[in-house]
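Fit chains B, C and D to the supplied structure of chain A, relying on the hints for placement.
Residue numbers (full-length UniProt numbering), protein chains in the order written: chain A, 1 to 313; chain B, 1 to 313; chain C, 1 to 313; chain D, 1 to 313.
None of these hints come from the bench; they were simulated from the model. Careful: at least some of the hints might be erroneous.
Subject to a maximum C-alpha distance of 27 Å in a straight line, what follows is the list of computed DSS-like cross-link-like pairs (lysine-lysine) [to be verified]:
{"id": "1", "chain 1": "B", "residue 1": "LYS280", "chain 2": "A", "residue 2": "LYS280"}
{"id": "2", "chain 1": "B", "residue 1": "LYS235", "chain 2": "B", "residue 2": "LYS280"}
{"id": "3", "chain 1": "B", "residue 1": "LYS235", "chain 2": "D", "residue 2": "LYS235"}
{"id": "4", "chain 1": "A", "residue 1": "LYS280", "chain 2": "A", "residue 2": "LYS235"}
{"id": "5", "chain 1": "D", "residue 1": "LYS235", "chain 2": "D", "residue 2": "LYS280"}
{"id": "6", "chain 1": "A", "residue 1": "LYS235", "chain 2": "C", "residue 2": "LYS177"}
{"id": "7", "chain 1": "C", "residue 1": "LYS280", "chain 2": "C", "residue 2": "LYS235"}
{"id": "8", "chain 1": "C", "residue 1": "LYS280", "chain 2": "D", "residue 2": "LYS280"}
{"id": "9", "chain 1": "A", "residue 1": "LYS280", "chain 2": "D", "residue 2": "LYS235"}
{"id": "10", "chain 1": "B", "residue 1": "LYS280", "chain 2": "C", "residue 2": "LYS280"}
Not everything, but these chain D residues come out facing chain B in the computed CB check (under 10 Å) [what the hints assert, rightly or not]:
{"id": "11", "residue": "THR68"}
{"id": "12", "residue": "ALA226"}
{"id": "13", "residue": "GLU257"}
{"id": "14", "residue": "ASP264"}
{"id": "15", "residue": "SER269"}
{"id": "16", "residue": "ASP304"}
{"id": "17", "residue": "GLY305"}
All C-beta atoms, glycine included, are put in the ideal place defined by N, C-alpha and C.
Here is how the chains run, residue by residue.
There are 4 protein chains.
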Amino acid sequence: MAGVTARRSRASAAALTAGGPAAAGLDGTTGVGRLLVQGPDRPGIVSAVSAVLTRHGANIVSLRQHSTDTVGGQFAQRTVFALPDLAAARPALAADLDREIAGGLGLRWSLHDTAHRKRVAIFASRTDHCLLDLLWRWRRRELPIDVTTVVANHPDLAAEVEPFGIPFVHVPVTGDKSEAEAEHLRLLAGRVDLVVLARYMQIVSAGFLQRLGAPVINIHHSFLPAFIGAGPYAKAKDRGVKLVGATAHYVTEDLDEGPIIEQDVVRVSHTDTVQDLVQKGADVERAVLSRAVRWHCEDRIVVDGNQTVVFGR
Amino acid sequence: MAGVTARRSRASAAALTAGGPAAAGLDGTTGVGRLLVQGPDRPGIVSAVSAVLTRHGANIVSLRQHSTDTVGGQFAQRTVFALPDLAAARPALAADLDREIAGGLGLRWSLHDTAHRKRVAIFASRTDHCLLDLLWRWRRRELPIDVTTVVANHPDLAAEVEPFGIPFVHVPVTGDKSEAEAEHLRLLAGRVDLVVLARYMQIVSAGFLQRLGAPVINIHHSFLPAFIGAGPYAKAKDRGVKLVGATAHYVTEDLDEGPIIEQDVVRVSHTDTVQDLVQKGADVERAVLSRAVRWHCEDRIVVDGNQTVVFGR
Amino acid sequence: MAGVTARRSRASAAALTAGGPAAAGLDGTTGVGRLLVQGPDRPGIVSAVSAVLTRHGANIVSLRQHSTDTVGGQFAQRTVFALPDLAAARPALAADLDREIAGGLGLRWSLHDTAHRKRVAIFASRTDHCLLDLLWRWRRRELPIDVTTVVANHPDLAAEVEPFGIPFVHVPVTGDKSEAEAEHLRLLAGRVDLVVLARYMQIVSAGFLQRLGAPVINIHHSFLPAFIGAGPYAKAKDRGVKLVGATAHYVTEDLDEGPIIEQDVVRVSHTDTVQDLVQKGADVERAVLSRAVRWHCEDRIVVDGNQTVVFGR
Amino acid sequence: MAGVTARRSRASAAALTAGGPAAAGLDGTTGVGRLLVQGPDRPGIVSAVSAVLTRHGANIVSLRQHSTDTVGGQFAQRTVFALPDLAAARPALAADLDREIAGGLGLRWSLHDTAHRKRVAIFASRTDHCLLDLLWRWRRRELPIDVTTVVANHPDLAAEVEPFGIPFVHVPVTGDKSEAEAEHLRLLAGRVDLVVLARYMQIVSAGFLQRLGAPVINIHHSFLPAFIGAGPYAKAKDRGVKLVGATAHYVTEDLDEGPIIEQDVVRVSHTDTVQDLVQKGADVERAVLSRAVRWHCEDRIVVDGNQTVVFGR
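Just chain A, same shape as in the assembly:
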């Protein structure tokens, strides 16, 4: 517990700087907020949003906006702003956003205070690469998150998680997974902002997703939609592809069909065995998953139907 507390205070500074230059150089009394806005496009949205923020004393330090079409498309915007005493200013700001942005323009908005890091639970099974890469980046303060728990359906990785000072909870999954999911919900519902499936290798049910009340990110070990389902590296070897890849996506009821957040590939050749593909792919998987988690926790992602808008730097 002491370890966790220590991490927490160390990580506070990390959360402030994780947004890059936008959040640098802030003293303790200045807050940094991120405002996401999305909905049907119409003229004047950028102006309206920036007017609200400016009126409340905010200085916009980063703004990116996307419209799917010039007329009649979908609009999405991410705005990072600095505001002294953000926590105190928040209620009045929220009231104006409700009235002018939601009410007046018919848009959805969400406001994120970077002082509140997202609480993340990581699910793993027997392979360590994705899990350890997330924990290592968290410990290096590269990820603006609090890792609250590691949940695993096998006990194998307990010793590897131990040095990080994060609770490791072994929840076996048997034929009927409803019991395990009930245990997961007891542990996590209302206590996490994100669940990451770090090669968890188990399908989660629609009911679990609904009751969890938090988004779930999965890493699939292929370049989707190629090699959907189980055993993608063996399928890749069998097909003789020259690249293998990995895909991080939000989990929906349809296996491997959720909105894609990030993908990448690595070159392979006829000399690579299936085991070589597994090994080369592992490097891509951990990189892709870590990027997806970072972007989600930096509030860079807007889901639009089955696609994602990812606001880069």
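Frame of chain A, contents of chains B, C and D only:
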């Protein structure tokens, strides 16, 4: 000449669509403008700029903004907007930008009407890859430019340029290059918006740059600052590097020292001879130069000292 | 025709050097051969093959060998060798290979004299990027081939092919494609060593493949097996992928299912329209197809079932 | 100690499989050897080497050969072979190699038994990414090595190394580094086959290199020869480059001038601060260093002057 005219009318449609979704779906009476703003950062700039645009009836379809620091940094912003009858609205809009953005906030601004494609002259020597890639992308309508002239210090490429219907002007460069540069200025000064050195292999003088009155983009056949100067591929082979690259940059008085726009690399190995490096590098050079020209002509680049801000999509 | 002749003599030198260092520095009287050997693995193959070559006076300048397993796998080997007067030595060498390698070891072999460039016909439709990239690399002497004919089912690209001095043959394809294929066979059967489908966009029949008697390479505009069939870029946009790719493969009776030679990808984002994907993908398609054609014509590829062994440099 | 022993036995299997298919499927009584041969090229080397191996009962499972020129170049060859009871056969094989390959052909050779993993000491300072990536890959059995010791000039990383069961030795380096180097030599001379500088950040002396009697691999945090020396990321930011990289090289007396083994890069932009470059670069550094260590320990590298021949798969 008929060929050039035909290209010109074909390319009109290209200019409107080259900005991607931002410019799509516009009928003939709606203009699309791009506004670049840069200068010392202070609170309220985004709001002020969007207020001016909105007041003039513009709909912001893309906005990207960058600050080098939260307080006291440099600010840069690119805004794409749709505005019916932009040409007619421009004088009043410019007056407000002068008063409120330049006068009130101390910022520089430039306004670009996408209906006016940039006039580009390409300088070449004896190798065709960069020149042809630009001409080919221009003919495919991938680049929102008018290629007005190809200037070469050798006659070798005349036959390859001929099918594109662009005037090919052979201006030999002898020991004293002042005569050639005078001829270049007679041809181009006041008649081009950009000069592209497509492996021209000649140093241009500071005087030429001043009198030209338009930016010049060069492609250097190495990953700068590695292998500055002549013969970079031979130097790369000699050093035994495992990647070779190319760098597109604005030309300044200092050889190979101007602000870098884009760079890329390709993998090489001990099996590659210097000639192999030249060949592999050629593919990188043409790709890097074409991207740099595109970004410049889409008004995506703000020069900040010896660095560039490149606003992506 | 004069143009074709001129190209041909120019390309002679290219064929000698296209193999890289292996083929460099040879005078006119020394031949360079490439020997491919494949079949069931057993001890002693490398030694036996090199003994035969050495006995005939050949100097091995490059050798790569691949076994799918230590015991009981499939063996493949590519050997490049220099041999004075290869043409004269060939019959005796072939007899020994037949006896010792085929007869004694149960392996298949093929011997390629680099003095005989492969005759290549390129099939195109309306898009120029893959076709022009091949023609341009051929003209630059990057590809060790003779392009004998361009065949197209539309006349659109005739003017773009004309400057290269290659016959352009327009063979329309109507509902029943058997007539067109009969015309293709009249033009090509026995006269080409390779047919390249450079975004030809037509399915060729099993009967055509059999009667042609030469391999056919196709470029598919997706990262197979993702987005098999028609309209892959629209499918990619719809699925929201973050990379698009291209695949060069040998054509078999099953559409998009033949042995993959090469694949590559390029990063895309939510800002890219389908048209943007088409444009970005075009750069990958031309690069991937040109690499596949080069490797085939440098005798680097051994087909093993539905997979390829590609011997690199 | 028990932990180290346990690792060692686990790693035995790893050593056998780390060579990929070449070494797969071997029972306990069959050895796998790797033979490196280099020197002035002449006809018949491949044949002579394979004849010696075949005569001793070896089955060649992988062979790659490189000549810098067709005539008068430098020759290098890597041959992987299977041989029952390699240890027993070695003396006679070595005698023949001495007589026929060294004596008869004037070549240098070295023979490596994959049953003997290379003993590796890792030097670190305060940053953990390169060190942990090597330890993690060693624990996953991706690297065919025995990590014998971690040496650090600061104590910071002791706790992170502890879970791996490797001795962590803190050897402070003060103004005069001769004392530290003497301690290093007491620890390592004659006891290691390779020293890896994993962001050790200290220059090692020529005397140390001589007395160590083992190669040393360093990771430099830039794409050499760009940004040689200290502070490369700050220099990269200052120059405004669009890619940052890392270089693994053998250490020689000249700082950052030794033969390059591997390099790679990652894309950066104007939005990245120096700290962002450090973070993005760290991922490239650890990947590049791990590849270099793997290739060295799989006997894939031949040093030819200031360049390396790296035999891929």
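Verification of the supplied hints:
1. B:LYS280 / A:LYS280: holds, 25 Å
2. B:LYS235 / B:LYS280: The hint holds at about 15 Å.
3. B:LYS235 / D:LYS235: This hinted pair holds, its Cα atoms lying about 22 Å apart.
4. A:LYS280 / A:LYS235: The given pair, whose Cα atoms are some 15 Å apart, holds under the 27 Å limit.
5. D:LYS235 / D:LYS280: holds, 15 Å
6. A:LYS235 / C:LYS177: With Cα atoms ~34 Å apart, LYS235 (chain A) and LYS177 (chain C) exceed 27 Å; violated.
7. C:LYS280 / C:LYS235: holds, 15 Å
8. C:LYS280 / D:LYS280: holds, 25 Å
9. A:LYS280 / D:LYS235: Outside the cut-off at roughly 32 Å; violated.
10. B:LYS280 / C:LYS280: Given pair LYS280 (chain B), LYS280 (chain C) holds - Cα atoms ~20 Å apart, limit 27 Å.
11. THR68: Given a least distance of 8 Å, the restraint on THR68 (chain D) holds.
12. ALA226: It holds, given that the least Cβ distance between ALA226 (chain D) and chain B is near 4 Å, below 10 Å.
13. GLU257: holds, 9 Å
14. ASP264: Constraint on ASP264 (chain D) satisfied, holds at 7 Å.
15. SER269: holds, 7 Å
16. ASP304: Holds. Min distance 8 Å.
17. GLY305: Constraint on GLY305 (chain D) satisfied, holds at 8 Å.
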